[in-house]
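Peer 1: Protein chains in written order, with numbering that gives the first Met the number 0: chain U, 0 to 63; chain Y, 0 to 246.
Derived from the structure by calculation, the hints contain no laboratory data. Keep in mind that a hint or two might mislead.
[Said to hold, decoys possible] Covered stretches of chain Y, as calculated for chain U (at least 3 residues, CB under 8 Å):
# : stretch
1 : 25-37
2 : 87-96
3 : 157-169
Everything numeric in this text was worked out from a predicted model, so none of it was measured. Every residue, glycine too, gets a C-beta built ideally from N, C-alpha and C.
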Amino acid sequence: MLAQQKIAVAQMDGVRLDGTKRITTAVFAAALGIFFVYSTAFSHSTTLHNAAHDTRHAIATPCH
Amino acid sequence: MLIRVLLAAILAGVGAGVFATAAQSLRVTPLILEAETYENAGGAGHAHGHDRGAADATQSAAQTAETEEEEWAPADGLERTFFTLMANAVVGAGFALVVTAAILLTGQTVTLTSGLVWGLAGFVVFVLAPGFGLPPELPGTEAADLALRQTWWLATVLATAGGLAILYYRRQPMWIAAALVLIAAPHLYGAPQPAEHEALAPAHLAVEFAIASIATGFVYWLFLGGLLGFVLDRAMRAEAGHTEAVA
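Bound-form chain U, shown alone (with noise of 0.2 Å):
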């Protein structure tokens, strides 16, 4: 009982977070997270790229 109240164990160096929570987040993150380089960085459309062209050039990642 006393285990599962201590879901997060505060430690001097940062906070560990335990518990499915921490997975399902970082789930979402990682898929949010590539939507939004994609969206930017790779998308094949005209507009998307050309509003994004100096990003892409600058960050190095393949351009038109």
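Dock chain Y against chain U, hints included.
Peer 2: For chain Y alone, coordinates are given in the frame of chain U:
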């Protein structure tokens, strides 16, 4: 869902995007604009034309005018800078979320200092490794098929991240060898190359751009990692406190 953690990641990414826009304005963006003067003078917009004769020039100019009517692009100046800022903010948020996912999946604690280490890893994974095969290129540079280069870029990023993860978690010689093979594999296979290398801008601009882009990428990733570590630490403490209070 740990909302505070997600919001912290997006905040750090947007902050890194603003920082990137300022950092790029020093060397990277001016070089892109300078290269475009060659591209607009000698080529046909983004068509990557080369070896065009005088007869072709009129036709390509007409084509460019036609494409410009069809395809929207931000106007040079403030509008273009604004869209670059927006794009940098979205990409920054994307990278920050991906790194946050890795931090959460590994179950690591994170602070400003360890965030800098994650930033360094991000630089190696997202800039150095893909840049080794596909160096940063100025507009108007001949390159291989876009989809092929994107596939190679993604494969290299995954292989490098996987290799670094193995090196971190496994110390046995067999695992270390496997990790090194994984990291080297995309480079041994080779990045997609164009039939012939040609560029409209002079070579010295290309060299300046590659170095400026990689150096800016290095500072950018350290900034993103450090800021992400700092805000994630706060967010995770808040989540932990909240969870304990609920329990």
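Peer 1: Are the hints correct? Go through all of them and say.
Peer 2: Hint by hint, here is what the structure shows:
no., hint, in the structure
1, 25-37, "holds (count 3)"
2, 87-96, "holds (count 8)"
3, 157-169, "violated (count 0)"
Of the numbered hints listed earlier, the single one contradicted by the structure is hint 3.
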